[in-house]
Amino acid sequence: MTPSAFRPAYTVQTGHTVLRCWSPADAPLALRAIEASLEHLRPWMEWAKRYPMNVSQQAGQLRRMRGLFDLGQDFAYGVFSRDGTEVLGGTGLHPRVGEGALEIGYWIAERHTGRGLATEIAGALTRVAFELEGVRRVEIHCDPRNVRSAAVARRLGFTHEATLRQRLVAPDGALRDTMIWTLLSGEYPASRAAATVVEAFDVLEQKLL
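Numbering (my numbering), first residue to last: 1 to 209.
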């Protein structure tokens, strides 16, 4: 896996969403979605404890994410409505789980949960990881108590490989377990993830997938 200036995709379109690399200009939309969902996010997302913040601070966060994306170091996407007027959540491909592997993370704004969006975007990024990045393994990590997140991984054909005990610090400061779900390249073609409807484009808006 060798990310370049053109990979992974800068924009990914699914049936109900557009995933695109964050821009600092997205700060007002991102902040609105996050602030409306804080009680929903705080039990699971460590970064949620940094809020509240103002628009300038949010723009700074998104600028750092964009910089890492452009440098090929980490790939965070905003999840937008198809018309681009609303942030529905956030997702990403994270190269922090070893050589030849990517981890998918995601969150959905509270008012948009229950619509299958997490499954849709995780399936889309699974396709990007295997078909564009050529990884050998994709992982999803979640707290065992986060049954919705675990259901996403299971639904897409991932295997529950292990539960690491007291491995991470939860937002409330307690040690928490972490479930590791994996999908291998040899398993991918038969998985539900491989059937996800998706189009992917590079930074020049040339179609990749």
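Treat the hints with caution; some may be incorrect.
[Claimed, not checked] Pairwise CB distance ranges, derived in the manner of DEER restraints:
no., residue 1, residue 2, range
1, R96, P144, 17 to 25 Å
2, T85, T163, 33 to 41 Å
3, P52, P189, 22 to 30 Å
4, Q57, E99, 28 to 36 Å
5, Q57, S185, 15 to 23 Å
6, R145, G116, 43 to 51 Å
7, R96, R42, 29 to 37 Å
8, R155, D83, 21 to 29 Å
9, R82, P52, 34 to 42 Å
Quick caveat, the hints were computed from the structure, so don't treat them as lab data. Ideal placement from N, C-alpha and C gives every residue a C-beta, glycine not left out.
Quick rundown of the hints versus the structure:
1. A C-beta distance of roughly 20 Å is found between R96 and P144, which places it inside the suggested range of 17 to 25 Å.
2. Between T85 and T163 the C-beta distance comes to about 39 Å, which sits within the given range of 33 to 41 Å.
3. Distance hint for P52 and P189: a CB-CB separation of about 45 Å, inconsistent with the stated range 22 to 30 Å.
4. At about 34 Å, the beta-carbon gap between Q57 and E99 stays in the expected band of 28 to 36 Å.
5. Under the hint 15 to 23 Å, the C-beta atoms of Q57 and S185, about 40 Å apart, miss the expected range.
6. For the pair R145 and G116, the supplied restraint of 43 to 51 Å is violated, since their beta-carbon distance comes to about 21 Å.
7. Evaluation of the 29 to 37 Å hint for R96 and R42 yields a failure: the beta carbon distance comes to about 22 Å.
8. The hinted range of 21 to 29 Å is satisfied by R155 and D83, whose Cβ atoms lie roughly 27 Å apart.
9. Restraint check, R82 to P52: a C-beta distance of roughly 29 Å breaks the suggested window 34 to 42 Å.
Going through the hint list in order, the structure does not satisfy hints 3, 5, 6, 7, 9.
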